Structure formats: structure tokens, C-alpha cells
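Protein chains in written order, with full-length UniProt numbering: chain G, 1 to 136; chain R, 1 to 136; chain X, 1 to 483; chain B, 1 to 483.
Everything labelled a hint here was simulated from the structure, so no lab data went into it.
As the structure is a prediction and not an experimental result, all values here were calculated from the model.
Even glycine gets a Cβ: it sits at the ideal position worked out from N, Cα and C.
Check each hint, because a few of them may be wrong.
For each label pair, taking beta carbons as the anchor points, the in silico distance ranges come out as [unchecked claim]:
| # | chain 1 | residue 1 | chain 2 | residue 2 | range |
| --- | --- | --- | --- | --- | --- |
| 1 | B | Glu58 | X | Lys6 | 51 to 59 Å |
| 2 | R | Trp100 | B | Ala11 | 31 to 39 Å |
| 3 | G | Glu28 | B | Thr117 | 55 to 63 Å |
| 4 | X | Lys354 | R | Glu131 | 49 to 57 Å |
| 5 | B | Asn118 | G | Thr120 | 38 to 46 Å |
| 6 | X | Lys474 | G | Glu28 | 15 to 23 Å |
| 7 | R | Ile135 | B | Thr117 | 35 to 43 Å |
| 8 | G | Glu131 | X | Lys28 | 54 to 62 Å |
| 9 | X | Glu399 | G | Gly72 | 33 to 41 Å |
| 10 | G | Glu28 | X | Lys116 | 39 to 47 Å |
| 11 | G | Arg71 | X | Lys387 | 48 to 56 Å |
| 12 | G | Gly72 | B | Gly59 | 51 to 59 Å |
| 13 | G | Gly30 | B | Gly59 | 38 to 46 Å |
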Amino acid sequence: MKNNIVLGVIGADCHAVGNRILDYAFTEAGFEVINIGVLSSQEDFINAAIETNARAILVSSLYGHGEIDCRGLREKCEEAGLKDILLYAGGNLVVGKQDWESVEKRFKDMGFNRVYAPGTTPQMGIRDLKEDLKIV
Amino acid sequence: MKNNIVLGVIGADCHAVGNRILDYAFTEAGFEVINIGVLSSQEDFINAAIETNARAILVSSLYGHGEIDCRGLREKCEEAGLKDILLYAGGNLVVGKQDWESVEKRFKDMGFNRVYAPGTTPQMGIRDLKEDLKIV
Amino acid sequence: MELKNKKWTEAEFNKVREEVLTHWPTGKDVDLQEAAQFLKGIPEHKNFAAKLRKAKQEGITLAQPRAGVALVDEHIKLLQHLQNEGEADFLPCTIDSYTRQNRYNECQVGIEESIKTNRSMLNGFPAVNHGVHNCRKVLAAVETPLQARHGTPDSRLLAEIIHAGGWTSNEGGGISYNIPYAKSVSVERSLLDWQYCDRLAGLYEEMGIEINREPFGPLTGTLVPPSMSNAVAIIEGLLAAEQGVKSLTLGYGQCGNLVQDVAAIRSLIELSEEYFKTYGYKVDLTTVFHQWMGGFPADESKAFGVISWGAATAALAGATKVIVKTPHEAVGIPTMEANAQGIKATKQTLNLLKGQRLQMSKELELEIKLIKAETKCILDKVLELGKGDFAIGTVKAFEAGVIDVPFAPSKYNVGKMLPARDNNGAVRYLEFGNIPMTKEIKDFNKQLLEERAKSEGRQVSFQMVVDDIYAVGKGTLVGKPEK
Amino acid sequence: MELKNKKWTEAEFNKVREEVLTHWPTGKDVDLQEAAQFLKGIPEHKNFAAKLRKAKQEGITLAQPRAGVALVDEHIKLLQHLQNEGEADFLPCTIDSYTRQNRYNECQVGIEESIKTNRSMLNGFPAVNHGVHNCRKVLAAVETPLQARHGTPDSRLLAEIIHAGGWTSNEGGGISYNIPYAKSVSVERSLLDWQYCDRLAGLYEEMGIEINREPFGPLTGTLVPPSMSNAVAIIEGLLAAEQGVKSLTLGYGQCGNLVQDVAAIRSLIELSEEYFKTYGYKVDLTTVFHQWMGGFPADESKAFGVISWGAATAALAGATKVIVKTPHEAVGIPTMEANAQGIKATKQTLNLLKGQRLQMSKELELEIKLIKAETKCILDKVLELGKGDFAIGTVKAFEAGVIDVPFAPSKYNVGKMLPARDNNGAVRYLEFGNIPMTKEIKDFNKQLLEERAKSEGRQVSFQMVVDDIYAVGKGTLVGKPEK
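Just need the whole structure built from these sequences, with the hints factored in.
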């Protein structure tokens, strides 16, 4: 089974640099990256995941609106039949400098499997994804 | 009556720049400044005050040892017959960034009439001294 | 309407305007005559163009933060803090990202949620939703000029509202607020929409009101070679001037090598003035230098080092204005206290350097010459593609990859060009893609990057670019291979 | 013993040494042979001279804070924080002011009170009282070289103890640790006492152990014209070299004008190497740049601006080492956290500027020439007064006011010279007193200050100097008249 993953930047966010680097790093690490780019809606992520039979959706948000933009994504995935898909989120997820643990909790409560603080390296996400997908 | 004042830097302290400026500023303001310079002992201050019949002693301390160096100055002044002489202290009086109010209180408890925080302008001291000496 | 670099007629403008003002209910409150009256009553110290001109005459550099929150009163509190505690010379109103995509309904959600949760759920001030009246309320509460800073491909309604609201400057341009900020807005579309914004500023100028316009210099803010950002700045400047803009601030984002950064500002001034002269535009030209736009160190003390070095470079370059970062940069939108701290570190540095300039050296002269030559290669081709029309030429130049912005999200950007730093930290072209340059220039760029690769014991590659992107956040300018 | 610039004989040294080691009980624990064995066992990364040489070869600038507290364990905790959190390249042991006056009894009081009150009652580490064993304990606890930094006219016992304690560098000199730090120590006395310290370092060198010596460049740290501090640095360097010192770090304190600061470091290197060559000394020369030594702004963000600009200047000048200030500077001795913050801002700036130098310009060339010419005027006269002997000449030069340090507390300093800034912030001579300079140089200095006075609408006067002293603390470099 191929390890397809959907990568994108959610909402009205147009930060493209990190997206390029994540694409590069996850591809190098052996994943098949379906990169839907910046300014992507929840529907864009879900459609791409269905079309490519992806095992994980990696959501970036750099502009602070992540909390609004990510709400309901888990529920919509389930409605669309993506029952066990992994949801990761990372970037600058909220406006301002907030206590990281409470941010992480809010996103986990929303149904995200992994949540990453600002400044996390791609390698961290790659390691986790391999672990979660049981890839040695 | 001439307004003689004794100016100096107490203890093992050799900061000479502020001393020069205070000399200049108090002289400009009409005081007769007896400047005993840096590295002056309590005795140097008292002797100069007796010799010149001074009305105030202005003690500078920039190096953080002010608390040790100034202890007992009021008592020694009284022993030497300088009953009502004004004692002012200013500079970086203690080691490190401490709560200013507690520093001020410790020096006032030692018998200082006025205590100045780091960064006070000479003009502030001149105004206070004129007030304390009732010079219009 | 067909795109060409030609001043819009009154009829053309009014026809579009009628429609633009219907995009959101607040549009109906904009009355150009009433706004002109209001703007005439604004004291000079609150006019952006006037304050910039004064700074240019005095040879000083002024500081401006970025800042904006969802609610009017909170926004005023924020700006007052930056003014009183931070001693900002200019104040911004950073516009939220939904407004930038004209998604005013979502702004409304953000405003309501912000009221409910008692914290800003938007990353900026939704000026269109708040309308003219509230923009004026913000202006009345501060003592510096105001500018909208955003990233909006279609800023027409926003421009109408902020200028009528007394904000005397608008940042952006048809290239610089499209290519780095949008995925699927055509260059033709955004150039037209920004001609509207420029024409609006021009109309105010014709009514005797100075409105400053500032194309967004740094583009994607990531390893953009100075000649590429300068080419875009000059095109946007020329297009604005054609529509009647008189006060223009051209920008550049710090790359990090002092000689290159100073050369970028100097060549930007010299070359754009040359073009303005050639095309007969009378423009009051000033410059803005953006402190480091890339990744920041998370440590606040280290961030202060990056901020202060940006301020020093701005002063040594002789920029009229510097855009300030904050010690919270690495973690997202700063608190107002952190924002004020960034301004204070900047202003202290600017004051220490007042009057000091980087003196002319052999190296600076060479770098100015190089940037100018590279910029000319691009601009000559744009003009050729447009058969003498910079607007048409720009559309074609993007199609052809003659203008190519690194790491841009837009699908209208070819994205074949790849930049990297040389051994001294100057940004060079690693891959030119379709950017037309002379062989001499290409060889020179290549040689510099091969020198670096050699000294690092590796091949010139994309990994070098990735290392450069992370480098400042990790504390250095040039990204070295992991040991 | 009669002062002359001549290497002490073994007999001369040993005679004095016998007495020196009796000044305080800890002196008896110093055994030169045992110490040499101990020093030979210290790994290279903890040797000051070796680390400096490596930095010089790599063309990088290393950072060193100031720090010292009364008690050994607290001092270790402080240094470890500066090393681990601050990433300091070199660690200091700043010595307290009682030790500097050889008042070891009062140190003892300070140590005891510090234990009682649980806070440091001394402004530094009383190394003589703590003795050789404790100095070694400090060295064992850190991973960088250690240096004593103080201001001690008679540092003989201190030097014995710290070097035996494994600290491989000692700051100071017969002029630079007397004139700015004492009131009534004769120049002759302190030159002799520092010949002792230099000879001690020389003895270690002869036993194959590298010991670095660093004359204190900034002197009073207040508007010292570069030519005056360079003249003193070169004299102290020559006197040290004569006693066998091989690793020498000459210093300079930031004045604030970039061109002048860079010119000061460049001319210091070039001129001192010229003199070393003339007199046949083989010296491993490095330089140290002191971040702004004058009044600081109380606001910590503004202090970061001052600190970072000092770091940038050090890098652009190509200094081997930079001495770091802290954001607490305005209020006195910093917490260890604030101290680490200063280092981090500095190191970030140094890393960003790695490899970047201020390029040669007409202005830089002129300034280097001017500083060299001024310095030569002083040194030529010193040599003339000393009939070819720099030590004797120095004593006579102070008597005559040929060397004259502004704002110095020493009664052996004539104090007729007065400095002030010109319009660009460069420090110039306002009054020369008895300093011998050519008419051309005098006229040039005068002209620059009159230009400033004119632009400020006032006369050249002492008030200008006062304004300059307060200026940086108030946010600017040049002190303007109050409005």
C-alpha cells in the first residue's frame, strides 16, 4: 500500500514557504505527497484525500486563524467516509503567544491526532507519521 | 552664609564621570562645591565638611557597595559635631536590580535625608537641596 | 475592461466604482466629496505623505510596526500603546486575512467570536466590516498618520473605506499583493484592481489631498534576490504613477548581507528615479526597508539581535522608513507589549545611527551595478513582451517566467527560479528558470554559489535553499549542512 | 627598583615575589612549579590564548560577558548559566572593588555578609581571599577559558593566584588599571607592578604555557578619543612584550560612529604590529571590542538596541572578541538571566554578520590615517620624554599631560584634555591641553566641533560634553541642547 498523504495550508492563509519545505521533506522521506497548496478549504483537503486514498491529512496554518479554520474537519471527514484518517495540524495555530498545552488540548479535542508547536522540524512530523502508520 | 557642600564618591569606588558632572552642575547652580573626588572614606567626607563648614554632604556610589560603605556615616557625623548636616546619597547604591523603595528605606534608616535612584538628573538634587536649605 | 498602462478615464473609474461600493453594506457610506472635505481637515502631522517627505528631507529613518486586532476599541488601545510606549512614528492597521480574500461574512463571524471569547479571533482589523466611521474613530484616537497594511489582491472597497476614513496610505500593488498572497487570482485581474486603488489615490491628489502608496517590497519575504523585488517595485511604481499617484514609497525586504542590502536600496532609488524621469512622472519618492521577513529565533534576546541589525541596516542604507518585527515573531502575532519592545529597540538603534551611512566602497559600487544590470534585464524584457506597455508586459512576463517570485503560492507564477545565499550571505540566483539575464550575470551568480558549495563540501542543491530558509531561526545567516 | 622598559631578571622578580606572596595568607599556596604542571594539564579548549588564536584564524568574533559574585558556589552557578544559557565563548571572573584596592580584610567582611544575607554584598569575585584552590574549582566547573577582569593597580598577588588557579588570561595594565581606577597611585608604581604581572605571564610562556594578557582598552569608558586609547594600548602592549608576554589582546571601547570605531580597531592592529616589528617582539596579537561603556537607557528593549549595535560594530571591525553589556546596565549589576540575554543578542548579531566586514571607503581610509597620525604624535613625544624608554617616557608623559585621559580619577592625570562628538558622532578633541599634535590635526578637530556647534546654534563648551555623556542613555549618540 502506498503511503499517500495530503498536505496543504488551510483557510485564507497564503504562507507557501513551509508548504514547499514540508513537501520536499516528506517526499524525501518516502511518502507520496499530494500537495493542495495554500488557501485550501476543508473540502479541498477531504476531496484530495478521497481521490488519492490518503492515509493522513497534514494541515498547516501559519496566520493565527487555525482554530476557526480547523473546526469540524474531523466530523466532515467522518461524514465523507474517511473514518480512521490521521489528522495532523501545525504552524502558528492561534493568534498571539498562548500557553502551548491549552492550544494542543483544544486541537486534540477537535479530533486532531497530532498537533505541532511553532518551530517544529519536518523530521519530527515524519518520525511521528511513520510511527502512527507503523512504517519501519 | 555661603552654601558650602561636600561632594565625593565613597569607598573603593572610582567612578569619576558623574562626580565631574555633579561638580559642574552644583557649581553652576550657585553652590560652593568642595569636591573630594573618588575613593573617599567616611573620614574624608567628615573632615572636609568640618574644615569648610559645609551644610550638606553629597555621597555618590556607583559600584554597588554603597550599603556597606555608607553605614555609620550619620553616627560619625554626630560624633564629629556635624549635628544637622544634610546627608544625600545617590547612584547605583546596591548590587543588582532591587526594589527601589526598599533600598530607599534602608538608606533613610541609616540617616540619609535624601536618596536618589539610578539615572536621576543633577537638577533634581539641586532642586531638593535648595528646598532643604531654604534657598529661593 | 482591457488592461493597459493608461490612466483610467473618469467614466471608466465611476462605472467600476458603482459596483465596488455594493460589495458590502458599508460601501454605501463612502462619499468621495465628503471624504475629501474630511481629509482636508486632517492636520499635517497625521498625513502619511507629508511626514515621509519631512523625514526624507531631514535624512532620518522612521519606524512603523505591524498591528491589528478584530475590534475597534481594542485596536485603538493597541495603537495607542505602540504610539505612547513604543514611540512609533507611523501606525499601521494590519488587515485580517479574511478581508484580504474579500470574505467579509467570515470577518463578521470573527468579530462576533472575538466579542464572545474576549480575545481577537482575527489576525487583523477588518476595516471593510467596520466601515468609514470606525476608521475615522481610530484616526481620531492617535497622533500619527495611519496606513492599511494587508495583502489583498482586490483591495478596491478596502481602499475606498480606509481613505474616506482618513488613513492616508495604502500598502500593496497588483503584483506584490497578488503573487505572494493568492493562489488563483490572475495577474491581469489584480493589476486592474490595483489600477483602481491607484486611480483613487490619484483622484484625491487632484483634489489637493496627499495620499501615499506603498508597493509591498519583500514579496514572499524568502530569499528574494534584490533585482527581482526591485523590478517588481519599479513596475508597480510606474503603474501607480500613471494613475496619478504622487507620493510613492518603494520597498525592499532585508536579505542580511549589509553591502547587498544597502546596494538594493540605493539601486532601487536610482533606477526608479531614472524610469520616472524617462516616462515623465513627477513623484515624491521615498523608501521602506523591511526588517528580516524570514524565520526568527524563538529566543527573545536573539530576536532582539535580528531586529536591531535590521534597524541598523535600514539606517546605514538611508531608508526613509523601517518596518519593525517583534521579539514574538517566531511564535506568531505579538502582544502589544512585545510589539512596543521591537519598536523601542529599533528606534534606539536608529537614533544611535542618525546621520551615519554606509560609505561607498569598491564592493558596494559593484553590488549596485550588478543589481541594476539584473533589474534592467528583467524590465527590458517585460517592456518588450508588452510592446512598450508595462501592464501588458507584466502579465506576459509572469506567463513566460520572466518575472518569477520564489516560494510564491500563485499558480500564475512559474516558480522555476531558485535562490540561495553565497558565502557572504548575499542572495543569488541558483536557478534562473526563464529569467532573462546576460551570460556574464549568470556566470557570476553561478560562480558565487559554487564557491559556497565547495567551502561546504557539497553540491549546489535544493537542500542548500532549505538550510538557508531555516538558518536565521537557528542563529546564522547562511545555512550550513548538518554535521 | 628603578623603572625602565627592560625585562626583569630572575633575581629581581624573585625578590619582589617573596614579599608579594605574604600580602594575604592565600599567597603561601602558590607554587610556580606545581602551578605550571597543573596548567599543562588544562585542555586546549580552556586555554584563553589558544581559543583566541583559533578565532583569529577563522576570522570570527567571540563573545565574553562580565560577571562575578562573592561566593564560590554562587559564582560557579552564574558562570554555568552564562555558558549554557548565554552560550558565552569566554567566561570572566570579575573581581570585586575591595580586592582591586588590595583591601582583603574588607573582602572578608563582604564574604561573610554575603553568606549571612544570602545575597552577594560584593560586586565581584574576591579571588585573592578565595585562593588558588577555589580558582581551580571554578575552572573545573566550566568548559571555556577563564579570565580575571578587574581594575587593580597592584594586581601582583591576584595574578599569582589566578594563573596558579588555571585562569589563562589577566586583564589590565600599568596605565589602564591605574588612571581610571585609582586616585593616588603613581604611574611609576603601577607600571612596575604590572611589569611584575607581565613577567609572571612571560615566565609561564617560557615554561611552555600560554597565558593571554589584555590591556584594558576603554580606559574611563567615556568619550576617550581613539588615538588616546590606542596610544595607551600600544605602550602597554610593548611593555608586556618586553617582559615576555606572547599572547596579547589589545582593546578599544566603542565610541558609536561606525567608521571611527572600525578605523580605531584597524589602526590599532596596524600600528601596534608596526611597533612590535620595530622593537623585535614576536607577539600573537588579537583585539577586543567593548560594547558601549557609557550611560545606558533604562528601558531594556532600548538597551538591546545598544548592545546589538555594539555587537554589529565588533563584527564589522573584525575584532577577535567582544565584551558584552546587559539589558540591566542602567541600573547596575545584572541578574544572571539579564546577563545571558545580553550575550544571546550579541551572539545572534555576530552570527548573522559572520564574515561581513566594513569595506574600505574614502572615509574609512581617512579616519584610519587620522587616528594613526594622532597616535604617532603622542607616542613620539612619549619616547622623546623617556629618551627612548617607553616606561620612563610614560611617567613623564602623564606629568606633562602628553598622555591625558578624560574624566580619570587619578591625580597623576593632568585632566586638561576635553573630548566631544562631532556631527557624525565621532569623538574629537575639544581641548588638547598639553597633548602634542600637529597644527593640521588640531585645526581639523576644531573645525569638526565648530561645525557641530554651529548646527546646534551654540558655542563649543563643556555643556556639549555633558550632553554627550548623557546622550546614549537618553537615546541618541550626539547630545543635543535641551529645547
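For which of the previously enumerated hints does the structure constitute a violation, in increasing order of number? Per hint list: 2, 4 violated.
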